[in-house]
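Enquirer: Respectively, the protein sequence lines represent chains A and B.
According to our numbering, the first sequence is numbered sequentially starting from 5.
According to our numbering, the second sequence is numbered sequentially starting from 9.
Some hints here could point you the wrong way.
Stated by the list, open to error - So, partial list: chain B residues that the calculated Cβ filter (under 7 Å) puts toward chain A: (1) Met297; (2) Gly301; (3) Asn303; (4) Gly375; (5) Ser383; (6) Thr386.
Just so you know, these hints were derived from the structure itself, not from any lab.
The beta-carbon is built from N, C-alpha and C at its ideal position, and this holds for glycine as well.
For reference, the chains in residue letters:
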Amino acid sequence: MIEKNVKLLVVDDNALIRTLVRLSFKRQSHVEVFEAVDGSEGLKLFHEVQPDIVLSDIMMPGEIDGLSLCKQIKASENKCPVVLISAKGQQSDIDLGMAAGADVYKVKPLSPSDLILIVENFTA
Amino acid sequence: MTSITKLQRFKGDFVVEDSTEKPLHERTSISKTNVNGIITYVNDTFCRECGYTANELIGQTHKIISSYVHPKSFFEEMWQVVKSGQIWQGEICNRHKNGKFYWSNVSYYPTFDAEGIVNGNTAIRFKVTKERQIVLAHKLKAQQYDSIISGVAGFWRLDEMGRFIDINDQYCHASGYTRESLIHKSISDLEVSGCEGEFMRIFNSLQIERPQYFETKHKRQDGSNWDVRIMLSRQSNQSVHVFSWDISAQKKEEREKKLLLNQFYHLQKMESIGRLTSGIAHEFNNMLMAISGYNELNTYSAEDLRDVNISRETIAADFLDNSNQIATTVLRAKDLIDKMLVYCCRGPVDSENPIIDINQSLENIIGFLRESLPSTITFELNLLATHRSNSTLNIDNLEFHQIIMNLCINARDAFGHKPGKLVIKTRLIDRLDEVCQKCPLVVDVKNTVELHYNTVEFHCNSCKTTGNSIDMLEKFVEITVSDNGCGIEPSILHRVFDPFFTTKSVGEGTGLGLSTVCGLVNKASGHIIIESQINSGTDVRLFFPLY
Numbered sequence: 005m006i007e008k009n010v011k012l013l014v015v016d017d018n019a020l021i022r023t024l025v026r027l028s029f030k031r032q033s034h035v036e037v038f039e040a041v042d043g044s045e046g047l048k049l050f051h052e053v054q055p056d057i058v059l060s061d062i063m064m065p066g067e068i069d070g071l072s073l074c075k076q077i078k079a080s081e082n083k084c085p086v087v088l089i090s091a092k093g094q095q096s097d098i099d100l101g102m103a104a105g106a107d108v109y110k111v112k113p114l115s116p117s118d119l120i121l122i123v124e125n126f127t128a
Numbered sequence: 009m010t011s012i013t014k015l016q017r018f019k020g021d022f023v024v025e026d027s028t029e030k031p032l033h034e035r036t037s038i039s040k041t042n043v044n045g046i047i048t049y050v051n052d053t054f055c056r057e058c059g060y061t062a063n064e065l066i067g068q069t070h071k072i073i074s075s076y077v078h079p080k081s082f083f084e085e086m087w088q089v090v091k092s093g094q095i096w097q098g099e100i101c102n103r104h105k106n107g108k109f110y111w112s113n114v115s116y117y118p119t120f121d122a123e124g125i126v127n128g129n130t131a132i133r134f135k136v137t138k139e140r141q142i143v144l145a146h147k148l149k150a151q152q153y154d155s156i157i158s159g160v161a162g163f164w165r166l167d168e169m170g171r172f173i174d175i176n177d178q179y180c181h182a183s184g185y186t187r188e189s190l191i192h193k194s195i196s197d198l199e200v201s202g203c204e205g206e207f208m209r210i211f212n213s214l215q216i217e218r219p220q221y222f223e224t225k226h227k228r229q230d231g232s233n234w235d236v237r238i239m240l241s242r243q244s245n246q247s248v249h250v251f252s253w254d255i256s257a258q259k260k261e262e263r264e265k266k267l268l269l270n271q272f273y274h275l276q277k278m279e280s281i282g283r284l285t286s287g288i289a290h291e292f293n294n295m296l297m298a299i300s301g302y303n304e305l306n307t308y309s310a311e312d313l314r315d316v317n318i319s320r321e322t323i324a325a326d327f328l329d330n331s332n333q334i335a336t337t338v339l340r341a342k343d344l345i346d347k348m349l350v351y352c353c354r355g356p357v358d359s360e361n362p363i364i365d366i367n368q369s370l371e372n373i374i375g376f377l378r379e380s381l382p383s384t385i386t387f388e389l390n391l392l393a394t395h396r397s398n399s400t401l402n403i404d405n406l407e408f409h410q411i412i413m414n415l416c417i418n419a420r421d422a423f424g425h426k427p428g429k430l431v432i433k434t435r436l437i438d439r440l441d442e443v444c445q446k447c448p449l450v451v452d453v454k455n456t457v458e459l460h461y462n463t464v465e466f467h468c469n470s471c472k473t474t475g476n477s478i479d480m481l482e483k484f485v486e487i488t489v490s491d492n493g494c495g496i497e498p499s500i501l502h503r504v505f506d507p508f509f510t511t512k513s514v515g516e517g518t519g520l521g522l523s524t525v526c527g528l529v530n531k532a533s534g535h536i537i538i539e540s541q542i543n544s545g546t547d548v549r550l551f552f553p554l555y
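Can you make the complete structure from the sequences, with help from the hints?
Expert: Printed below as a string of structure tokens:
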């Protein structure tokens, strides 16, 4: 159980994944989930909401992908933890993600308990 | 042409005795042959008529005086009669030693040995009259014509109602009918269902000296069908000559070729599905992740049941929530599978009149592509207004899907890993809309490959080609697939339609995508133009005549 109040921003173009994340934290009453459908909306919400942690997909439509979003977050004042979640699991992909400044690179699939554990680790 | 049948056995026309001629015994030529056909006896009259001496003839066969004008079957038939112990009568053309032909009215009498078995024959000949000789020569000539035609084509003569007056051996042989069974019958008795009335329509519009050709199917006597090419030629108001050629073998080859081509397109389709595999797999992985995720959440809800502090209402709501999400995800997976199956299924090979609604069909395939291409690609659909009722194309739905899919896969590859925008536009064009009034295909862009598939050429100042433009009067629908990807090098643009030409590394593409597009567009009487600018993108424009 996450005891602290946490604002979680999830950025994924796939509605299935966003909904799964939202419902995974449904029982965690201290966690508030914000959803963005692509990189640019993610960046906009990041500035508006000032989340405590960002979970972002990498491959998304539009000009800002997950890597670029991560770089921009890390370049901003609120350098909150960024967790990149991708289906791409090759070492070169992971290296790219870490180079963009990600705190953790997770390869799909992820279960609700995985997601909760990740957030717990960063907010404990 | 008097008769088309084999020479009938002579039955009448006995030579009229002319009392001014020589006495009967001097006009009667007699020869005898043994069972092997060797001449054993000739009389003086025989020798005089053929110009050979008895010494020259005896020990030979009748071949020595053969004119070779009668078919082999004629003599075979004759020997059959004589061997069976019966008398054969007929008119035979022989050749004098000096090479001239002469006709005799011949009677072959079988001779028997002591046991009553045929051991040879005696032939008695009378020369036919000069008048008869002329008649026979004509008859022979007609037969020779018939046999020449028979070697080349089926031939019929029809009366003014389209009924058979005459049919040659070849047609009878090929169709299995006897001549007798066809005479006075109508052509409609030969037509197979689906082709009825075709012959009579052409027959009725036939003008003298304006022969017409067409292809159809005929029914054999055994009920099977065969492909024929027909030429009708009106000789007079009363008679029409018809030639027919058996084109079954050719048609079979065409069908096999078509089948082979269809198999090729099908294989290419499988290849393009293969190239979408990673995208489709990614989508299924997301779905599985969601399903297993909700399943896990349900186990938590089950644990909640033990917690008295949580209301049963809340737990029930959680269960329902998760179950609904699972159901929704399963439905989406099923939908994707259905779309894949629609695309993968082998289309009807002989869909003769495939008509598609272009917007409907485009939306279907794009729906599938949205899910199987990477999500970094944004789609923009700009379809022609649906209130334009006339937006149907004469093209097989699955082949149309294949064209669009191949182009979209190429676009995907042109984006590399960068996000990209794929725009699909359709619009109606008729010649009034265009700068060039005749040729909708004029494009004045550098790095352009144009392929004109119609046999009709175009005349236009800006488009280099000349010719008539009748075909261009019909309306076209233009479908443009544009990407803002890497573009195509000008130096290779002219090769992009070549089979097996690819810029991709081994295993990433076979180089058959665009050549397949080309073949399928061609099949639908369409046109294709590729415009490309390096680093700014590629437009592929397709033009299909509206149905």
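Enquirer: The structure should be examined with respect to each hint, and the outcome stated for every one.
Expert: How the hints compare with the structure:
no.	hint	result
1	Met297	holds, 4 Å
2	Gly301	holds, 5 Å
3	Asn303	violated, 9 Å
4	Gly375	violated, 16 Å
5	Ser383	holds, 5 Å
6	Thr386	holds, 5 Å
Hints 3, 4, counting from the list given before, are not met by this structure.
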